[in-house]
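Which chain is which? The protein sequence lines are A and B, in order.
The first sequence finishes on residue 519 if you use this note's numbering, and the numbering steps up by one all the way, no holes.
The second sequence finishes on residue 519 if you use this note's numbering, and the numbering steps up by one all the way, no holes.
You may find that some hints are simply not true.
[What the hints assert, rightly or not] Calculated cross-link-like contacts (lysine to aspartate or glutamate; reagent style EDC-like; alpha-carbon spacing at most 16 Å): (1) K388/A x D331/B; (2) K206/B x D319/A; (3) K228/B x E240/B; (4) K206/B x D331/A; (5) K185/B x D61/A; (6) K206/A x D376/B; (7) K209/B x E224/B; (8) K16/B x E210/A; (9) K225/B x D283/B; (10) K388/B x D297/A; (11) K109/A x E433/A; (12) K287/A x D319/A; (13) K225/B x E214/B; (14) K323/B x D282/B; (15) K16/A x E214/B; (16) K388/B x D331/A; (17) K206/B x E375/A; (18) K32/B x D331/A; (19) K16/B x E214/A; (20) K388/A x E433/A; (21) K388/A x D297/B; (22) K16/A x E210/B; (23) K206/B x D237/B; (24) K206/A x D511/B; (25) K32/A x D331/B; (26) K494/B x D483/B; (27) K206/B x D23/A; (28) K185/A x D61/B; (29) K287/B x D319/B; (30) K147/B x D189/B; (31) K474/A x E145/A.
[Unchecked claim] Covered by chain B, per the in silico footprint, the following chain A stretches (three or more residues, Cβ under 8 Å): (32) 13-22; (33) 159-172; (34) 197-209; (35) 222-228; (36) 246-259; (37) 347-359.
Hints were generated in silico from the structure; no laboratory data involved.
All of these numbers come straight from a predicted model, not from anything done at the bench.
Yeah, the Cβ is synthetic: ideal placement off N, Cα and C, and Gly gets one too.
There are 2 protein chains.
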Amino acid sequence: MLTDMYQLTMCYAYWKAGRHELDSSFELFFRKPPFGGEITVMSGLDQVLSFLHNFKFTSSDLSYIKQLIPDAPPSFFTYLSSLTCSSLTVESIPQGTLVFPRIPLLTIKGPLGICQLLETTLLTLINYPCLVTTNAARFRIAAGEDKVLLEFGLRRAQGPDGGFSASKYCIVGGFDGTSNVIAGKILGDDVQVKGTHAHAFVQSYKELKEVTFEEGTIGHSIKEKTLKYREELNWGDTHEGELSAFISYADAFPSNFLALIDTYDTLGSGLKNFILVSLALDDINYKPTGIRLDSGDLAYFSSEVRKMFTKMAAQYSRDFFHKLMIVASNDINENVLQELKKQEHAITAFGIGTNLVTCQKQPALGCVYKLVEIEDQPKIKISQDIAKVLIPGRKKSYRLFGADNSPILDLLIRENESPPEVGQRFLCRHPFEEQKRVFVTPSRVEKLSSIVWDGKNGVVGGLPTISGSKERVKSQIKMIRGDHLRYHNPTPYKVSVSDALFKFLHQLWLDSAPVLELS
Amino acid sequence: MLTDMYQLTMCYAYWKAGRHELDSSFELFFRKPPFGGEITVMSGLDQVLSFLHNFKFTSSDLSYIKQLIPDAPPSFFTYLSSLTCSSLTVESIPQGTLVFPRIPLLTIKGPLGICQLLETTLLTLINYPCLVTTNAARFRIAAGEDKVLLEFGLRRAQGPDGGFSASKYCIVGGFDGTSNVIAGKILGDDVQVKGTHAHAFVQSYKELKEVTFEEGTIGHSIKEKTLKYREELNWGDTHEGELSAFISYADAFPSNFLALIDTYDTLGSGLKNFILVSLALDDINYKPTGIRLDSGDLAYFSSEVRKMFTKMAAQYSRDFFHKLMIVASNDINENVLQELKKQEHAITAFGIGTNLVTCQKQPALGCVYKLVEIEDQPKIKISQDIAKVLIPGRKKSYRLFGADNSPILDLLIRENESPPEVGQRFLCRHPFEEQKRVFVTPSRVEKLSSIVWDGKNGVVGGLPTISGSKERVKSQIKMIRGDHLRYHNPTPYKVSVSDALFKFLHQLWLDSAPVLELS
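Isolated chain A (complex conformation) (with noise of 0.2 Å):
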């Protein structure tokens, strides 16, 4: 029922003339990388299996549409009530792999009426996932392996289950934890989920007396020791409150204690309360995480954190402070990172929200669902626009290596042509534009798609991982060219057609469009 009220009609308009049961193909692909990049990451699969596998309309369903369709007879519904996915094969890219404009991401073959129901759903349950990511992926680059990402998104996310999605597939994309718990929850040891506290919590204390502990307890030689260093250091002057909360929170976290010291004055006054605290927790034993800037200048701040550190490691020989976490999170982007990297900074973990979870800088990917082929006529959808315009018939997607083992370029072929082999010179071409062409003498040739849905078994090959397909992102970043992966001006990744595919194509679009008539 999470659908588009035109595939409820198509389906009833197929169903009256006696088409529902045409044998039909369908693909779902996109016509252009999001966020000005050339990299798409392959997402969504996991639930678009859950999905096929639970499609059914419930009886109320049924009268709801009765009510949206009221001339539509008994034996329509009959039907209605009798489908399932069961009449499906779908094919589809693993979930992690990198992908590129016109390659099917899915291909659904069955009957015409069940195919044109699921477009709406298996869009949406594609669309998002593929686009947050691509974009945590792009996130991961920008920020570089050795640094912590954390999504903080839930608040900013578009509903609820847009705040899960994005908690999820983040963390696909190469996020190392959340703060949403329910996500956690759900998704078990593959999400790990990270907080600490807010700017709500320092300012809800005012005066040392706000914390009292019995004598013998953590709190009580925690709040000892650290007004002892107070005095020691000479620090009287920090915000009572703040060093009241740190206090507090250390007693509750004594092995976990990462403070927020933004609050009033983050050199002045954080920073200074959370080096009394962490140097009376390693007294007794437990040693601190670090500190959190959410506001002001990141570089600076930061790099003035880790010099005040690296001062206190040496005055009280205490190794802890070369370890302390700095975690920044305001506000932070792509770009943010980007520009990060070319300053002196000494962040070493980034909680990153709003621009992750709602891909500010492009929120939607635009994947199509479109007929290629019915009753083993290809179809063609012609356009003024070029771009528009299909590749019709059922096809098969190739993608060929180089030398290196870094992908050259990804090939369509029609789906009885036989696949470029190893060693062997195969011209492809682009689909549009006949004079460009190339010759590729593949080292390994890999096909992209394979059966993931079949209707005698259900789910074929297991669903996707979050860890396995995370793993797979990895491993595919890695294996392209860098220059495909430039922040600025990325290498265009080819795709191409094979000779056949092209001179079909061709002949196709040519026999279908009108020539006009002018006088």
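We have chain A; now place chain B onto it with these hints.
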């Protein structure tokens, strides 16, 4: 559980320090209206109230939290398991009201532990609804009152639930219908579900012999009469598969025939085929609905289509041609609507997807949730960025109206101050710039917030309905001065503070901000 981890860690730290029952006040507000405009629509309150009503940790939630905070003692989980929202009082501005920066949309009062826990969820439930409702309202303003606006965004929404929220809140913002079936099913009569057919439907037909009907049926008459008109008008060169698809669709939906005419050649084939089937339908007393354009120059095509309809109305003396809808649906955004207004076009309805639901122009609103008072002590958060300084303490908000009944400004005063009165001069100040002051003598004064939830009764005043909220948006937009609604450079709407609040804020600010020592 739809929350950030740090709410749980803070809650535990409050509980461990015995501070979880401290009486606290939080405010939820935003700092900047979206989309470069001045207006924002309050939305999402209905789901906030449902959430407060249902808030409760399940035993499986508690076991998962135990994994996350392994050192917490059993009594903490006893506390969590007993938590409900029965100790809270929540004030809110009514759903559908125009709202402005810094005015609290929600004020939450109650014990610190539970108030803090709600932060992320409340932000998630308010941020996106306000954003997408505002977007829909702006699209409505751009399109004009006389156009039909349909939301087609499900396939590009950020997650399935994002699609549902989008459909619901676009209706609140001023849309007439949606393509989203599940939205219609769940939301009932307040939401009209609309849809016809896609290009795939047209492409799935090739020849006229594919559509056959028994004599005496509607379909038989439609086909027979269509072919008669085809000969009469000498339009034998249109695409035969398209004509077959239209006949088939008209047979299924004779009283709701709306055809997508741009699959092959909009004016040369699609329009002609639509006219042929329409004439046939009219002959057997069904009135066709109209056409949809999904590509090309929408202004030009719609004008040409309207001209042809006018010509046909005259040629065949059929009035229905004047009443046909012209629906446009290709990548429409607010800017396109504004541009179309300046051109000659004949579009009567717009189907809008991606740019509406993903809020392309600004995909997140940026509401925040801040502690403003605890145990009667006002709280302030200092920031190097003046826009981020918090206005401390519990407050009340008012809207002051001029003699023409349009709002002059919004005003924040301290909780115990007397509100401004009708006919009396009241000094209103900019919260941060001391020289900006204005005396307002209001003709009407409206208190903006009222209690929507209390511990004893739960929801107070009922859940906001879709139709009620939609009406409110409409009347609020009528009430505000047009220059605040302008697309380019709208006049800023003032949000002021009372003189007492100004002085209080600035004294607290001076007291809290450190005086730097330079040497």
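Verification of the supplied hints:
1. K388/A x D331/B: Distance ~13 Å between K388/A and D331/B Cα, so the pair holds.
2. K206/B x D319/A: Roughly 77 Å between the alpha carbons, so the hint for K206/B and D319/A is violated.
3. K228/B x E240/B: 15 Å, holds
4. K206/B x D331/A: 54 Å, violated
5. K185/B x D61/A: With a Cα-Cα distance of about 8 Å, the restraint between K185/B and D61/A holds, given a limit of 16 Å.
6. K206/A x D376/B: With Cα atoms ~12 Å apart, K206/A and D376/B stay inside 16 Å; holds.
7. K209/B x E224/B: OK: K209/B and E224/B at ~12 Å, within 16 Å.
8. K16/B x E210/A: 13 Å, holds
9. K225/B x D283/B: 8 Å, holds
10. K388/B x D297/A: Satisfied, since the Cα-Cα distance of roughly 15 Å is no more than 16 Å.
11. K109/A x E433/A: 30 Å, violated
12. K287/A x D319/A: Since the Cα atoms of K287/A and D319/A sit roughly 10 Å apart, the hinted pair holds (cutoff 16 Å).
13. K225/B x E214/B: 14 Å, holds
14. K323/B x D282/B: Status holds; Cα separation ~13 Å.
15. K16/A x E214/B: Between K16/A and E214/B the Cα gap is close to 13 Å, so the pair holds against 16 Å.
16. K388/B x D331/A: Holds, because 13 Å separates the two Cα atoms, which is no more than 16 Å.
17. K206/B x E375/A: Holds, at about 11 Å.
18. K32/B x D331/A: 15 Å, holds
19. K16/B x E214/A: 13 Å, holds
20. K388/A x E433/A: Answer holds: K388/A to E433/A is near 14 Å, not above 16 Å.
21. K388/A x D297/B: 15 Å, holds
22. K16/A x E210/B: 13 Å, holds
23. K206/B x D237/B: 14 Å, holds
24. K206/A x D511/B: Judged against 16 Å, a Cα distance of about 13 Å means the pair holds.
25. K32/A x D331/B: Measuring from Cα to Cα gives roughly 15 Å; hence the hint holds.
26. K494/B x D483/B: 13 Å, holds
27. K206/B x D23/A: 15 Å, holds
28. K185/A x D61/B: 8 Å, holds
29. K287/B x D319/B: With Cα atoms ~10 Å apart, K287/B and D319/B stay inside 16 Å; holds.
30. K147/B x D189/B: The given pair, whose Cα atoms are some 21 Å apart, is violated under the 16 Å limit.
31. K474/A x E145/A: 10 Å, holds
32. 13-22: holds (count 6)
33. 159-172: holds (count 8)
34. 197-209: Contact hint for the stretch 197-209 of chain A vs chain B: holds, 8 residues under 8 Å.
35. 222-228: violated (count 0)
36. 246-259: holds (count 6)
37. 347-359: Coverage by chain B holds for the stretch 347-359 of chain A (4 residues, Cβ < 8 Å).
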